[in-house]
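Enquirer: If you read the protein sequences in the order shown, they are chains X, F and E. Quick note: the first sequence uses our numbering, first residue 1, plus one each step. Quick note: the second sequence uses our numbering, first residue 1001, plus one each step. Quick note: the third sequence uses our numbering, first residue 2001, plus one each step.
Hints may contain errors.
[Stated by the list, open to error] Derived lysine to aspartate or glutamate pairs resembling EDC-like cross-links, with alpha carbons at most 16 Å apart: (1) 50(X) / 1031(F); (2) 97(X) / 2021(E); (3) 1056(F) / 51(X); (4) 50(X) / 104(X); (5) 1099(F) / 96(X); (6) 1055(F) / 57(X).
[As the list claims (entries may be wrong)] Now the stretches of chain F that chain E is said to cover, found in silico as 3 or more residues with beta-carbon under 8 Å: (7) 1132-1146; (8) 1172-1183; (9) 1213-1223.
Derived by calculation from the structure, the hints in this document are not laboratory data. Please read these numbers as outputs of a predicted model, since none were measured by experiment. From the three backbone atoms N, C-alpha and C, an ideal C-beta is built for every residue, glycine too.
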Amino acid sequence: MIYYISIILIGIGVYGLLSQKNLFKHLISLALIDTAINLFIVSTGYINGKEAPIYSEFTPIANFVDPLPQALVLTAIVIGVGVLALGAAMLIKIKEKYGTLNVEEIRRGDK
Amino acid sequence: MRRFLSALIALGLIIILLEFLNLIPDFGNVDLSKRVSNSFINKSVDGNNETIEFKKSKDLEDGSANVVTSIVVNYRSFDTLGEVTVLFTAALGVGLILKGLRRKRFYREPNFILKTANGILLPLIFLFGAYIFIHGHLTPGGGFPGGTIIAAGILVLYLSNEKFELSHRAKILESGMGTVYVLFGLVGLILSGIFLRNFLPTGVIGELFSAGIVPLIYVAIGFKVGAELSNLISEFQKEGQQ
Amino acid sequence: MTAATIFVGILMVISGILAIESKKLLDSFIFLSLLSLLSVFLFIVLKAPDVAITEASVGAGLVTAVLILALRKIGGDEK
């Protein structure tokens, strides 16, 4: 089920990338695809009836889901913010140079 | 027209991805014993096959109770060092791109409630962030979320006080913590011949003082991520020179 | 999967569509933040508390803050 949710969200993000003209909407679409792919990677490690991968008083003996996808996604989320901020900084620069964020107007103004 | 075509392409992509789902195991039916994670969970990469029990097993090859932490900071620590470098590069890029701009600072009256509640709220936010990254090897969390929570505290400080500026010491803290990370790796290299090897005794699983260098590195990562993201926010807030 | 997961999934899809199709950019940011918050629930269902706590602090807090600061820098909303 969660496979389908994340695949549909990836499709929505690609639709946004193709159909929107504002560059800010492109950034939002990329962030959306980021979240969807993180969800997909974590869901590949889920096992029915197992617990979160932490040794504690409630789970003293290993009965865990796959921790490796979680470890990969943990760092990917934080890097996502850094990359998003870099994209936002580039948008500010583009707005300063061309005076607009519309893709078609930028293309026309370039000639 | 454009929307219709985009929707068609996105639909095609969704159908292709759904077809690819046949190649991976069904949801929830993964055989963990065939995956590499099995040896991470049982802490048997070096080959010991004892059953691990909370607060009883000791002197394992990695003593942290949180398996995700032990992968991030011990087994795949070199990977994490690379990812922290990517984050550093992104923050550097934001600083470089925004440097020559005509910036205008957004003047606004800070919210009265935020300004008053600030004094009670901020220490709690910072305390919570520090708690999260100090207990990263026992409970969910660790350096990455802890650092983000500290950066959120800096954001509240910016919103509630219009004169606040982040001092340049944050940048020194950030690079210093990166150096600490590499130094731990080099000490491991000298003592045992493997970069980022866990060279301290690992102790009993589940105790606060356990897991060797894992909590120390996670504290370093917490400070580094916190300083980095705070710098990022302050770059967006800063006033231009002109 | 339980009914709650399906409900949250439908809400996520709706907020994703609204995040892309909203006329105002500020609305888009809020819907993106809502989507991150809903994905936190799914991470908890998937038994990934570490990822959930990271996504909660990053997705709902910092991403929205960075986007709103950038929007203010370029001078408000634009069609």
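Enquirer: Indicate, hint by hint, whether the structure satisfies it.
Expert: Evaluated hints:
A threshold of 16 Å between alpha carbons decides the hint, and for residue 50(X) with residue 1031(F) the separation of about 12 Å falls inside it, so the pair holds. Taking the CA atoms of residue 97(X) and residue 2021(E), the gap is near 26 Å; set against the 16 Å cutoff, the hint is violated. Between residue 1056(F) and residue 51(X), the direct Cα distance comes to roughly 20 Å. Violation of the 16 Å bound is thereby established for this hinted pair. A hinted pair counts as satisfied when its Cα atoms are at most 16 Å apart, and residue 50(X) with residue 104(X) does not qualify at roughly 51 Å.
A hinted pair counts as satisfied when its Cα atoms are at most 16 Å apart, and residue 1099(F) with residue 96(X) qualifies at roughly 13 Å. Our distance criterion of 16 Å between C-alpha atoms is met by residue 1055(F) and residue 57(X), whose separation comes to about 9 Å. Residues of the region 1132-1146 of chain F lying with their CB closer than 8 Å to a CB of chain E number 6, which satisfies the three-residue condition for coverage. Coverage of a stretch by a chain is defined here by at least three residues with a beta carbon nearer than 8 Å to that chain's beta carbons; for the region 1172-1183 of chain F and chain E the count is 0, and the condition is violated.
With a threshold of 8 Å between beta carbons, the proposed coverage of the region 1213-1223 of chain F by chain E is violated, since 0 of its residues qualify and at least three are required.
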